[in-house]
Every structure is written in structure tokens, then in C-alpha cells.
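Make the full structure from the sequences, and use the hints.
The residues making up each chain are set out below.
There are 2 protein chains.
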Amino acid sequence: MFKDKSLLLSGRKWGIVMLSDVEIAQNAEIWPIDRVAERAGLTPDEFEPYGRDKAKITLQKKRARGKLVLVTAISPTPAGEGKSTVTVGLADAMNQAGVKTMVALREPSMGPVMGLKGGATGGGMAQVIPMADINLHFTGDFHALTSAHNTLAALIDNSLQQGNPLQLNPRRIVWKRVLDVNDRALRHINIGLGGMTSGIPRESGFDITVASELMAILTLSQDLMDLRTRIERIVIGYTYDNEPVTVAQLGVAGALTVMLKDAIKPNLVQTLEHTPALIHGGPFANIAQGTNSVLATDTALQLADFTITEAGFGADLGGEKFMDIKIPILGQAPDVVVLVATVRALKYNGGQSRENLQNPDLKALQAGLKNLARHLQAMQRYGKPVLVAINRFVTDTDEEVALIQQFAAQHGSQAYETNVWSQGGQGALKLAQAVQEAADNEQNFQPLYQADDAFETKLQKIVTEIYGGRGYELAPKAQQQLVTFKAHGWDKMPVVMAKTQYSFSDDAKQLGAPEDFIIHIRELELKNGAGFIVALTGNVLTMPGLPEVPAANRIDIDAHGRITGLD
Amino acid sequence: MFKDKSLLLSGRKWGIVMLSDVEIAQNAEIWPIDRVAERAGLTPDEFEPYGRDKAKITLQKKRARGKLVLVTAISPTPAGEGKSTVTVGLADAMNQAGVKTMVALREPSMGPVMGLKGGATGGGMAQVIPMADINLHFTGDFHALTSAHNTLAALIDNSLQQGNPLQLNPRRIVWKRVLDVNDRALRHINIGLGGMTSGIPRESGFDITVASELMAILTLSQDLMDLRTRIERIVIGYTYDNEPVTVAQLGVAGALTVMLKDAIKPNLVQTLEHTPALIHGGPFANIAQGTNSVLATDTALQLADFTITEAGFGADLGGEKFMDIKIPILGQAPDVVVLVATVRALKYNGGQSRENLQNPDLKALQAGLKNLARHLQAMQRYGKPVLVAINRFVTDTDEEVALIQQFAAQHGSQAYETNVWSQGGQGALKLAQAVQEAADNEQNFQPLYQADDAFETKLQKIVTEIYGGRGYELAPKAQQQLVTFKAHGWDKMPVVMAKTQYSFSDDAKQLGAPEDFIIHIRELELKNGAGFIVALTGNVLTMPGLPEVPAANRIDIDAHGRITGLD
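From first to last, the protein sequence lines stand for chains A and B.
Going by the numbering used here, the first sequence opens with residue 134, and the numbers climb by one from there.
Going by the numbering used here, the second sequence opens with residue 134, and the numbers climb by one from there.
One should not assume that every hint holds.
Since the list can't tell identical chains apart, any single copy or any two copies may satisfy a pair.
To be verified - Derived SDA-like pairs (lysine to any residue); straight-line CA-CA distance at most 25 Å:
| no. | residue 1 | residue 2 |
| --- | --- | --- |
| 1 | Lys309 | Gln294 |
| 2 | Lys195 | Gly694 |
| 3 | Lys642 | Thr330 |
| 4 | Lys625 | Ala212 |
| 5 | Lys194 | Phe578 |
| 6 | Lys233 | Glu171 |
| 7 | Lys625 | Gly328 |
| 8 | Lys642 | Asp395 |
| 9 | Lys394 | Asn686 |
| 10 | Lys309 | Asp689 |
| 11 | Lys309 | Asp586 |
| 12 | Lys642 | Arg172 |
| 13 | Lys594 | Leu615 |
| 14 | Lys394 | Gly698 |
| 15 | Lys394 | Glu162 |
| 16 | Lys194 | Arg695 |
| 17 | Lys195 | Thr362 |
| 18 | Lys619 | Tyr373 |
| 19 | Lys309 | Ile333 |
| 20 | Lys309 | Arg335 |
| 21 | Lys195 | Gly370 |
| 22 | Lys394 | Gly184 |
| 23 | Lys394 | Arg695 |
| 24 | Lys394 | Ser153 |
| 25 | Lys233 | Leu490 |
| 26 | Lys394 | Gln513 |
| 27 | Lys309 | Leu326 |
| 28 | Lys642 | Leu249 |
| 29 | Lys642 | Met329 |
Rather than coming from a laboratory, the hints here were simulated on the basis of the structure.
As C-alpha cells, then:
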């Protein structure tokens with residue numbers, strides 16, 4: 134797997150990885166993308182190379198679909214619990230076991246790469262490559278979204294400038310601008326200053342690109358014309374008479390679709406073990422559906438016997454949205470759900486401080502297991518088998534691992550230790566075996582709600598059946614919005630809950646499995662093109678900031694193109 | 134050349150093109166990029182495909198350089214005079230004549246594509262393809278520049294937010310933000326609003342991406358490390374003590390270079406006649422050097438016996454900057470200069486109104502020829518042969534063409550009729566023959582000024598020897614800036630004149646060849662990374678706006694991916 138085998142061995146000998154992620158990725162043997170495409174079963178006219186190690190896919194003929202595995206997680210620590218790493222490692226393990234498997238992941242956002250962390254493509258021996266490219270511009274999908282989003286914004290302001298034929302109220306324009314940069318100074322801005330020829334002065338702001346409704350739309354579209362129709366439906370603002378104004382009325386859906394004609398095609402890369410990987414789309418997991426594109430998952434399902442995919446944050450957020458928003462469009466439920474847990478996240482949920490998570494602590498672990506139990510219950514209610522993957526860290530003790538396994542068995546599941554970070558696919562062979570067996574089930578998928586359920590019913594079911602709370606409360610603003618949404622017939626769309634990832638409740642400090650809580654919904658947001666309503670609890674940051682010492686200060690490149698600091 | 138030959142024939146029969154540019158481009162037979170690369174003499178490890186019809190080039194071994202031909206033009210009408218079209222057609226003609234020739238052009242900016250016009254890749258039968266891709270995201274170079282530029286901006290505002298360790302004066306930050314969108318509402322904005330956690334309030338704005346100093350830098354860099362060094366030199370603002378602050382002090386040149394690691398590689402595409410074409414970089418021709426990258430031109434020179442390249446606007450702007458800014462870095466002067474003239478632009482310069490340019494008018498033409506004479510003189514002073522290409526329109530009469538030819542012969546040149554729009558390379562065979570012959574000269578290149586000439590000397594020479602004016606005047610602000618620049622030793626860099634393209638003078642209404650004028654320099658701008666000083670005359674718009682009915686309202690796509698409205 135490595136150009137220089139000794140690099141790998143030095144790690145393996147100690148059971149741990151001695152190299153940084155970017156060192157592993159840059160020293161890995163990478164297959165030409167043609168070979169990966171061939172392994173995936175693509176004909177030469179079904180992919181277009183982007184560089185020697187990336188490609189975009191357009192299937193030319195329909196195939197029968199294989200089985201689907203969703204990887205989700207318990208409530209995480211702020212450092213994350215290695216969901217992508219397990220997803221990659223599990224797919225590698227399945228292939229090692231002779232099962233034709235592909236992995237389908239989200240694309241990383243470049244803003245955070247330059248901010249807090251270097252990369253988001255798995256870790257250790259379970260990574261997708263080319264790591265640097267995927268973390269930077271990749272095949273340009275996010276840039277195309279940024280361009281299309283901002284072109285629409287410019288067209289809206291131009292419409293104001295050119296006599297405002299649509300009678301848009303400048304104070305009620307809801308379409309902001311976006312950049313794939315962590316730039317807090319652009320959150321709240323005044324635009325259109327500088328006189329008559331430079332626009333109409335008004336308040337506005339920038340979100341990060343992954344928060345764009347176009348991102349949600351692109352990743353929920355079934356084809357180019359579905360994309361165009363959804364773009365037409367986007368509500369960009371309201372008239373002086375409070376009537377909604379759509380992109381269709383502005384007459385530019387065609388141009389925006391043209392700008393996204395390549396971004397809609399799924400991207401093919403590979404894992405360190407040359408498992409074909411589709412990486413496509415990256416919608417936020419709080420204000421959007423938080424999972425890779427419908428088209429990429431559909432493509433993987435058609436190409437492989439097993440597709441391993443993941444959803445953002447914990448099962449309460451990404452898992453629920455995967456089941457209730459993506460599945461109805463994809464038209465296929467997961468055959469198995471894998472819930473990633475770590476000893477340290479369970480201890481964190483059991484009340485242990487972040488500084489002491491590496492110390493053995495069966496008491497905190499025991500206390501934290503109620504978090505696992507509730508996530509298990511939430512996923513089990515959809516009717517399909519749920520397995521637990523314990524993503525093992527070197528500091529975990531065997532007793533701690535055994536305790537989780539015992540607990541899972543008592544809660545209608547089975548827990549499997551995985552060591553994919555240090556061992557790659559080799560570290561998840563047992564889980565792979567269990568996934569294969571569990572996938573062979575005849576159980577029916579049980580959706581949480583029906584499409585024509587009332588908005589209130591959907592909300593109540595999410596809060597009670599997924600979060601384990603008592604109910605919800607709409608703030609006056611949200612109540613008023615709901616009246617408007619009902620008047621326009623928008624209330625029958627699925628709900629996207631924008632909630633903290635650290636708690637089942639809307640209070641990030643309520644770890645573990647809080648009881649008897651109420652979810653407070655401050656405000657609603659219409660995403661008419663994406664086809665859902667966002668219910669905002671608390672403040673959701675849609676434009677991150679940079680830390681005191683940004684990752685950009687560590688990243689560098691030499692004359693040979695070797696990159697450092699990208700971890 | 135066409136998939137459906139009847140499409141071509143219907144045009145050829147009438148001597149004119151019956152199809153729109155995008156119809157021609159989408160119906161053209163396109164070679165797989167591997168075949169184009171092979172024709173260009175690239176080994177398989179010297180290019181990376183981007184899709185099936187685009188590639189990025191990294192030469193692995195040095196070759197001897199061929200000859201260089203610069204295509205420039207007389208003062209244009211607002212519609213443009215077909216300089217890119219002639220450049221493409223001439224290269225096709227050279228190849229038809231059996232001379233191994235490549236073309237090196239700038240990349241179009243997407244903002245204007247969605248605004249006033251659909252495309253900028255030549256026209257009629259003399260185009261580069263894939264036309265839609267080149268006009269949209271292409272290989273992502275502009276997006277990489279936008280990202281790197283805005284990441285730097287975010288890092289600057291973050292430095293202010295995090296205690297301002299560099300003591301930057303928020304009112305003296307000169308690094309703005311950019312988008313490749315025509316968005317007048319972003320010209321003047323207030324950022325950092327919304328309280329303590331969302332930045333420091335200050336005035337700022339957005340330019341269009343092609344106006345970014347990073348664009349000028351990327352296209353003047355000789356390699357990745359030169360790029361990094363230039364980025365380090367960028368002055369982003371001044372301290373409270375008026376000391377300049379550079380990117381080096383911010384410590385992020387490495388990260389920005391990483392973001393541009395692929396953008397620096399020249400892009401390979403083809404003309405309709407499969408001539409290998411390098412399209413790379415697109416700096417403004419007023420506030421920057423206005424020509425494609427040094428690396429792309431160098432690459433073409435090494436691959437072909439003849440490289441045909443162009444420079445933006447007229448010879449007074451793009452031509453002068455090519456000679457005085459690009460050539461010293463490239464290290465090779467053009468062997469021949471081709472000056473594109475049209476009958477209608479000459480009539481326009483002779484006082485005819487825009488509405489009547491298609492009517493025969495020998496008197497206006499005669500009057501306008503003084504514009505041609507002055508451009509001829511300006512280019513001839515560099516010592517190399519200058520030929521005139523008459524880009525013929527169907528409304529031009531034979532008498533008009535003959536008059537230009539007679540005039541050129543009287544002014545030390547020769548004029549050749551070209552019909553590349555309707556005939557492709559076939560329409561420029563005589564010009565191709567003349568270029569070949571003229572290139573066989575031993576004349577020395579005579580630079581306009583020396584690197585260590587004083588700033589004032591450089592300015593004076595540009596105004597008198599190129600524009601034919603009497604001299605220049607520095608406004609008080611510019612005088613004051615020059616004192617500062619001298620104190621920092623910045624005054625020895627070349628001058629980039631930001632001037633109207635419609636006149637030799639700084640008054641767009643003074644057509645033809647005005648006499649005895651003074652160039653008024655309002656303000657200077659330091660581009661320390663790019664390595665030049667911009668001298669601003671009048672107002673230069675660095676962020677265009679959209680028209681009343683933008684091109685975006687006409688552009689559309691169907692379920693088969695066929696694009697309309699992109700002309």
C-alpha cells in the first residue's frame with residue numbers, strides 16, 4: 134500500500150500510527166483513477182478524469198441496487214468520534230472479506246480546513262485519498278455552488294437597482310451570499326453603499342458555502358432537471374405586500390443550473406486500500422440534511438453489493454435526517470445501521486472532564502452508556518438492525534470495551550471493537566462480518582412520520598421518539614411564521630431540526646440522556662427549493678470564525694509540491 | 134470538423150457563419166485531450182486530464198524555445214475587434230501551412246459571461262473549445278484565486294479580532310475581497326458589524342477576481358516557489374505608525390500557495406481545428422498586465438515552433454504592458470507583432486457614429502487611419518517587425534480594405550485581410566505566410582525603459598513614445614504616494630497604466646490620435662507581490678455591474694446537457 138513500506142511497518146509494529154494523516158496520505162500508493170473506475174465496474178464512457186486520481190461519474194445504464202449501510206454515532210465530544218474513519222475502514226474490511234463494497238461520504242469544506250483542523254477525510258490507515266486535493270478544491274463542486282449562489286445574489290441586487298420590477302422589499306430579502314471561508318467579519322454587513330450606481334443600501338451577510346440552500350438542493354436532486362425545478366422554487370424574498378418571490382420569477386434558474394451542470398455529478402476517489410469511494414456534497418447537519426448526495430448514494434448502490442455511507446453529527450441529528458429526508462427521495466432504506474461509539478465520548482457523556490478522558494474510568498463510562506442506549510433506541514425504531522462499532526483508542530482498556538459490549542447486548546444490539554485508525558480494513562473484519570449477516574434481514578423500514586403529517590406532528594415525533602424529550606414549544610416568531618407557511622401550503626415539508634450536536638436537548642450542557650425536556654423553537658426557515666423547513670433552536674452559526682492561531686499558519690508546501698501541516 | 138457536416142456547409146456556402154458561437158462549439162468534433170496532448174508533444178506524465186477535453190500541464194523536461202508572435206490591436210470600438218478570434222485563426226492557419234503552432238490565451242472571467250456577453254473564447258469558426266466549460270468554471274483556476282484571496286482577507290480580519298498583534302490600522306487595510314461575479318452592490322460595504330464576536334467594524338469592498346493582485350502574481354510567477362515569494366511580499370495594509378504590513382508578517386504565504394498549487398499549472402484545450410491551445414490566467418489589462426501567464430507562454434514556446442499569444446485592449450495598453458512587464462520575466466521578446474484592425478473600428482476612430490459603422494465610408498476610414506499609424510509606431514519602436522491583420526466583416530468593401538493595405542505599406546508595415554470568423558484557419562493563410570517570413574529576422578528588441586530607470590522616466594516614456602502625448606501630471610495624492618514609495622524603495626518597479634482603452638489619452642472621448650495631451654495621474658497603487666506600480670488615470674471600475682437584462686436571463690440547459698444562450 135505504501136511506496137516506502139518501512140513507513141507503514143514502523144507504525145504497525147507498535148499497533149499505532151506514527152505518521153500524521155497527510156504523511157500517510159502522501160506516501161500511500163495511489164491507483165490511477167481509471168483502475169479504480171474499472172474496479173467500481175464503470176465503463177470508460179461513464180467517468181471523466183479530474184487529474185490522475187479523481188473522476189466525475191455519469192452512469193449510462195441503470196443497474197440493480199445493492200445493500201445500504203448507514204454509519205452514524207452517539208453524541209460526540211468536541212473532537213469528534215471518528216465516524217468517517219469507521220465508515221472508510223468498514224468498507225475496506227468488507228472488500229478484504231471479498232464483498233464488493235463502495236463508500237459514499239460528504240466533501241469537506243475548505244473554510245474549516247484553513248481554520249481549526251487540517252482535514253476531514255478519515256484518519257490514520259482509514260482515509261480517502263488524494264487527501265490534500267479532497268480537502269482543498271477537489272473537483273470544484275463547492276466553488277460552483279459558491280458561484281451560482283453569489284450570482285443569484287448579484288441578480289437580486291441588480292433587480293433592485295434596475296427599477297425593482299418584482300417589487301422586492303429590500304428589507305425582506307432572505308437570500309444572502311456565501312464563501313467557503315471562515316470569515317466572521319462577513320456575518321453582518323451593509324451592502325450597496327457608495328452612491329447611485331453601486332446598488333441599493335441594505336443589511337445582509339455571508340454564510341459558509343455548505344450552509345447554502347443550493348448545497349441542500351444539489352444533494353437532494355435526482356437529476357439535472359430536478360435540480361432546475363428545485364432552483365426555480367427557491368424563495369429569495371418577499372414583496373412590499375409580503376408575497377414570496379421565487380427564482381422562477383427572476384427568470385434565471387437555467388443559468389444557475391448551467392453553473393452546476395458538473396457539480397451535480399458524483400466524484401470518484403479511493404481509500405488507502407483502493408476501495409472505490411464516492412465523495413459528493415456536504416450540506417450542514419444542523420440547518421440541512423447533513424449527508425452526501427442522493428445521486429452519489431444511488432450511484433454507489435448501483436455499482437456495489439454494499440454501500441457504506443454516513444450522516445453528520447450524532448444519530449439524533451444526522452441519523453434522523455437521513456431516515457426522514459434522504460430516504461424518501463432515495464427510495465431505499467438502510468439495511469443495517471452502524472452506531473459509532475468511543476469509550477472517551479461515553480465517559481464524556483457520563484460526566485468526565487475533557488482533560489481526563491484518556492484515563493480508565495468504568496464509573497463514568499457506565500454513566501455515559503445511557504447516551505448510547507437512547508441513540509440505539511432512536512435508530513432501532515426505524516425497524517432495521519442496529520450494530521455498535523467501538524472505535525478503539527490506544528488508551529481504552531479491555532474492561533471498558535467489554536462493558537460496552539455487554540451493555541449493547543442487553544439493548545438489542547451487538548458491539549464490535551474496530552481498530553481502523555491503526556490497522557485499516559484489517560481492524561474491522563468482525564464488524565464487516567456482522568454487517569453482512571445483519572443485512573440479510575426481511576424487516577420492514579418504519580418511517581418516523583408520513584409526508585402529509587402536520588408540521589406539529591412531525592416535530593412532536595422527532596422530539597419524543599428520537600430525542601426522548603417531552604415536547605416542543607414555538608416562540609411567538611415561529612408561531613407567526615407557521616401561520617404564514619400554512620397559508621402558502623409550505624407546512625407539509627419535512628422538518629430539519631437545527632440543534633446542538635452535544636445533547637439530545639437544545640442545551641449543549643445537558644450531556645448523557647436528559648429527561649423530560651422541552652425543545653424551544655426560536656424561528657423557522659423556509660427552504661422551498663430543498664423542500665424542507667428548518668426549525669431553529671438557539672443560535673446556529675452559519676458562518677464560522679477563525680481561531681487565534683488558524684491552521685493556515687501551519688500549512689506549507691515545498692518546491693516538490695509536498696504539503697505539510699494539513700492535519 | 135463537425136459531427137454534422139451540413140451545419141458547417143450551410144455556413145460556408147454563404148461565406149458567413151449561420152450558427153451562434155455556442156452552436157458551432159457544441160456541434161464541433163472535439164478530440165480527446167490525450168490526442169491534443171500528443172499533438173502538442175507532451176509525454177503522458179506531463180499532463181493531467183480535467184474531464185475528457187481539458188488538461189493541466191507540468192513539463193518534466195526542458196525543451197528549446199520556438200518563436201513568439203504577439204497579437205495586439207488598434208483602439209477598439211466598445212464591441213471589440215476580434216483579437217482573440219484572429220489569434221486563434223492565425224494559429225490554425227500556421228498549422229494548416231505545416232508549421233507546428235500553439236495558441237496562448239487568457240481565461241475568460243465568469244462574471245461578465247453572466248452579465249453582458251455570453252462568452253470570450255474567440256468567435257465563429259475561430260474558437261477554442263469546449264466553449265461552455267472554458268467560459269464557466271474551466272479547471273477552477275479563478276475559483277482557487279478567489280478562495281486564496283478571500284482566505285487572506287479573513288485571516289487579516291481575524292488578526293484584528295484576535296488582539297491585532299501586527300498593529301494594523303483597520304482604516305488602512307488595502308486588501309479587499311473578490312468574487313468572479315458582476316456585483317455592484319459589493320463595491321462599497323461595511324463589514325464586521327453585529328457585535329463583539331463578529332469582527333471589527335470597518336469599510337471595505339469586493340473587486341472582481343481578475344482584478345486581484347493574486348491574479349497578477351500567479352500569471353507573472355515562474356514557478357511555485359516564485360509564487361510563494363511574491364505572495365509573501367504582498368502589502369496588505371499599514372500599521373498605526375504607517376509602516377507597511379506584508380503577508381510574510383501574517384505567516385500564511387504557505388497556505389495560500391497550497392491553495393494555488395494547481396491553478397499555477399497551464400491549461401491545455403484545443404481550437405475548432407484541434408490546434409493545441411493554452412488558456413491560463415486572466416489579469417485585467419488596465420490595473421494589471423492583461424495577458425496570459427508567463428508559465429503558459431513559456432510552456433507553449435517549448436512545445437511549438439510558433440506560439441501565437443495576445444494582450445488585452447489596444448497596443449497602447451496590452452501591447453505596452455506585454456513588452457515592458459511580461460517580456461523581462463519571460464526572457465524572450467516577440468519575433469513578430471500582429472496588429473489587428475477592423476474597418477469599422479478605424480471608421481469609429483475617424484469620427485463615424487456607432488450606428489453607421491457598417492456603411493461604406495472611405496472618408497471616415499481615412500480619418501481613422503491615424504489611430505492605426507500611432508499604434509504601428511508604438512509597436513515598431515520595440516524593434517521587431519509589425520504586421521497588420523484586417524479582421525474582415527461582411528459589410529466591409531474591397532476599397533476600404535485596399536485603403537488600409539496601402540496605408541500600412543506607407544508606414545513600414547504590410548496589412549493582410551483575414552476571414553477567420555467565417556473560414557477558420559483557411560481565412561488567414563496569407564497572414565500566416567507573412568508571419569513566418571517576418572519571424573526570420575535578426576532585429577534586436579529595444580525595450581522602452583530599463584528596470585532601474587526612475588519612476589518618472591518610465592511614466593514619461595510611456596506617455597510620449599507609446600501614447601504620443603506631451604507628458605504627465607501627478608495629482609497631489611499621487612505625488613505624496615510617490616514620496617512614500619521612494620522611501621520604501623518601491624519606485625523602481627515597472628508602471629502599469631490604468632487608462633481608458635478607447636483613447637491614447639486619458640479621455641475616452643478623444644478618439645483617433647489626439648495630440649499634445651497630458652496624462653493625469655490621480656493616484657498610485659502598490660502591487661508589491663506582482664512587482665509593479667499601478668498609475669490610475671480617472672476612475673477604473675474594478676467591480677463591474679450587471680445590465681438591465683443580464684445574459685443570465687437567456688442562458689439555459691436541457692435534460693441532455695445542451696446549453697443555449699451562451700453567446
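- Task: Report the numbers of all earlier hints that the structure fails to satisfy, in ascending order.
- Result: 4, 5, 7, 8, 11, 12, 21, 25, 26
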